[in-house]
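Taking the hints into account, I'd like the entire structure generated from these sequences.
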Amino acid sequence: MSVSVATLTLTLLLSGAPPLSALQPENEVPLRPTAWLTDRTHTPVYLNTGRTRRLYFTVRKKTLSLELTVSPCSGAVEWSLTARSLKDKPAKYTKWSTKKSFPEVWWRGSGMEALIHSYSGSAADTYEGPAYGPASIYILQLKSTEQDTQVDVYLHEGPGPSGAFPELPTDPRVHTLGVGMTSVTLSWTPSPSVTKTSKHSKKHNYKYCVTVNRKHNFRNVCAARKESRKHRERGRKQGRRDKQEKDGGLLKTWQQWDMFEDDGSSAVIQADFADPACVCREVESVCTVSDLLPDTQYYFDVFVIDQVNRTSATYTGTFVHTHTEARGVVTPLRDGQVQWVTLSLASEGQKRFSFRPRGGQQNGLLTLHSCNSTKAKVTVSSRGHLLSSQEVGDQLAQIWLQGGPSYLIQLQTLDTTTTPKLDPERSKVCMKMQASSAFHRRGVPVLPVTLQLKSFNKLRSCSSVTLAWMGTEERSLYCLYQRQISNKPDVTDRCLGPESRPASERVLCKYFQELDPRRAVTTAVIEGLNPGSMYMFDVYLMRRWGLPIKYHSKTVRTRREC
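Going left to right, the sequence shown walks through residues -22 to -1, 1 to 540 as mature numbering (1 follows the signal peptide of the UniProt record, and there is no 0) numbers them.
Calculated from the structure, these hints are not laboratory results. Keep in mind that a hint or two might mislead.
[Said to hold, decoys possible] Below, a list of computed lysine-lysine pairs in the DSS-like style, where the Cα atoms sit at most 30 Å apart:
1. LYS532 - LYS436
2. LYS204 - LYS121
3. LYS355 - LYS329
4. LYS208 - LYS193
5. LYS353 - LYS532
6. LYS410 - LYS329
7. LYS532 - LYS406
8. LYS532 - LYS410
9. LYS532 - LYS488
10. LYS355 - LYS406
11. LYS329 - LYS406
12. LYS193 - LYS355
13. LYS406 - LYS353
14. LYS410 - LYS355
15. LYS208 - LYS121
[As the list claims (entries may be wrong)] Listed next, with one range per pair, are the computed distances between beta-carbon atoms:
16. ARG336 - GLY99: 52 to 58 Å
17. PRO310 - PRO168: 47 to 53 Å
18. GLN368 - THR294: 32 to 38 Å
19. ILE463 - ASP273: 52 to 58 Å
20. ARG522 - VAL261: 52 to 58 Å
21. THR123 - ASP313: 52 to 58 Å
22. ASP273 - GLY421: 27 to 33 Å
23. GLN125 - ASP273: 30 to 36 Å
24. PRO480 - ASP313: 25 to 31 Å
25. GLN491 - GLN125: 51 to 57 Å
Every residue gets a Cβ at the ideal spot worked out from N, C-alpha and C, and that includes glycine.
Following this line, the structure appears as structure tokens:
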């Protein structure tokens, strides 16, 4: 039989016959495996550097035009689209085996090839044009010239745009509305896809996502996701959490990308991109990025996301240099010295401190808490990188310092609208702070499970009481203080340490350690008390690193009669 197998295979495909896998001759040896593109389907293709990948597709009869989009993830690629016209006429009937296999093509050298389109670069490129002929097979050749990468291929048969990708406006640039020391406001022209959908439906099928980093702009979502993965891997190797290592220092409360499931396509939103340095909005085309570092250059990118097709389009990104911070007085902190800080709410004051651990090592511990039931914000950075940003209130805050020879600590008042203006006691923020070098430590010290003191009523007598409190698995010193009070309950100032208490009030100091946290309970019997008298008891956890921890005061009255 003189008819080539490739001719018959193609003819059967075009005529709606069974697929190639059902038509393979039982004794035929395939020359090369092939991958076929299908209409309206995203096909991910992985490319090794310097190696050419070929994909094939055919179009239905009476198809007048087609659209082919190739979206590289990162790096430059070369791709070309050719059409091959087959000359041989197929035979009317040939007996084939129904043995299934991967689709293969057996070339016999007949026909002609014509180059339709070619492209070289790293941006997404689309061919839109007429179909070459009903009896043609199309060949897409892909080659990566710089690095191993992944591309997404999308085929659309028929006239008009495919509608699979969001449209970009005539002006796809990201504009800068305002620049400050720690914030940047961006704007962009709305996508026509978003505008059309908003007019006809209240349901938002599109959203804008903004990313910020300090290296460069991204051409697509895939490149941004790839950089995010690398950044997280570096953070894991260094033993740090991602939220402390993120570049740019954005708020942890920012929304992350929506979680989508996908097969690995580079142009489709994937479930493993959850970078905190990204905010996704619905249809708003104005965004303010906060918590940036002063005097730092940032790169901003905007993506319009199609949540139905799970595709995206990229605006032309921009870069901005934040304003230089007005240099105020920086107070050096002495190792282990307690620092009292007062911030004025009325003037929205802030204070800056510096700390350098001793001995050339880079580990340290910063502990601080509020003394008058107010809150402040503490920001710690080293070499221009944000390490921690959090609110500090009544609860003791412990911040582990690691990774730098010196640290910049900034205390700032919060919004004054949250504090009653008529309360003079709360018109200022009073903080107690201490920074100390942490030799031979790998993390923050363990705190007790609870700071409550417990008294045993059955063990209470006219001259003694028994108290119990929780300790930790670390060996520490606990000091117990007492003072006799009147019938009116009194509370010891939580910010006053044991150094401010008279020596006559100290009852005992003892070391305690229990490796099992569930059994870390220690007791003390206080004797020599007066019958029917009320006493206030305080326990302090004395630590080698950090501020002493004061347990909650406990009031106990001895028995009148025994």
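Within a Cα-Cα threshold of 30 Å, do LYS532 and LYS436 meet the stated pairing?
holds (16 Å)
That 52 to 58 Å hint for ILE463 and ASP273 (C-beta), does it hold up?
Distance hint for ILE463, ASP273 holds at roughly 54 Å.
Range hint 52 to 58 Å (beta carbons of ARG336 and GLY99) holds or violated:
Between ARG336 and GLY99, where Cβ atoms are some 54 Å apart, the hint holds.
Keeping to a limit of 30 Å between CA atoms, is the pair of LYS410 and LYS329 held or broken?
Holds, because 13 Å separates the two Cα atoms, which is no more than 30 Å.
Verdict for THR123, ASP313 (Cβ pair) under range 52 to 58 Å
This hint holds: roughly 55 Å between Cβ atoms.
Restraint status (C-alpha distance of LYS532 to LYS410 at most 30 Å)
Distance of about 23 Å is within 30 Å: holds.
LYS410 and LYS355 were given as a pair; does the straight-line alpha-carbon distance stay at or below 30 Å?
Distance of about 13 Å is within 30 Å: holds.
Hinted pair LYS329 and LYS406, Cα distance within 30 Å
holds (13 Å)
Is it true that ASP273 and GLY421 lie within 27 to 33 Å of each other by Cβ?
At roughly 32 Å between Cβ atoms, GLY421 and ASP273 fall inside 27 to 33 Å, so the hint holds.
Does LYS193 sit within 30 Å of LYS208, going by the straight-line distance between their CA atoms?
holds (13 Å)
30 Å limit on alpha-carbon distance, applied to hinted pair LYS355 and LYS329:
holds (11 Å)
Assessment of proposed distance window 30 to 36 Å (beta carbons of GLN125, ASP273):
holds (33 Å)
Every hint, counting from the list given before, is met by this structure.
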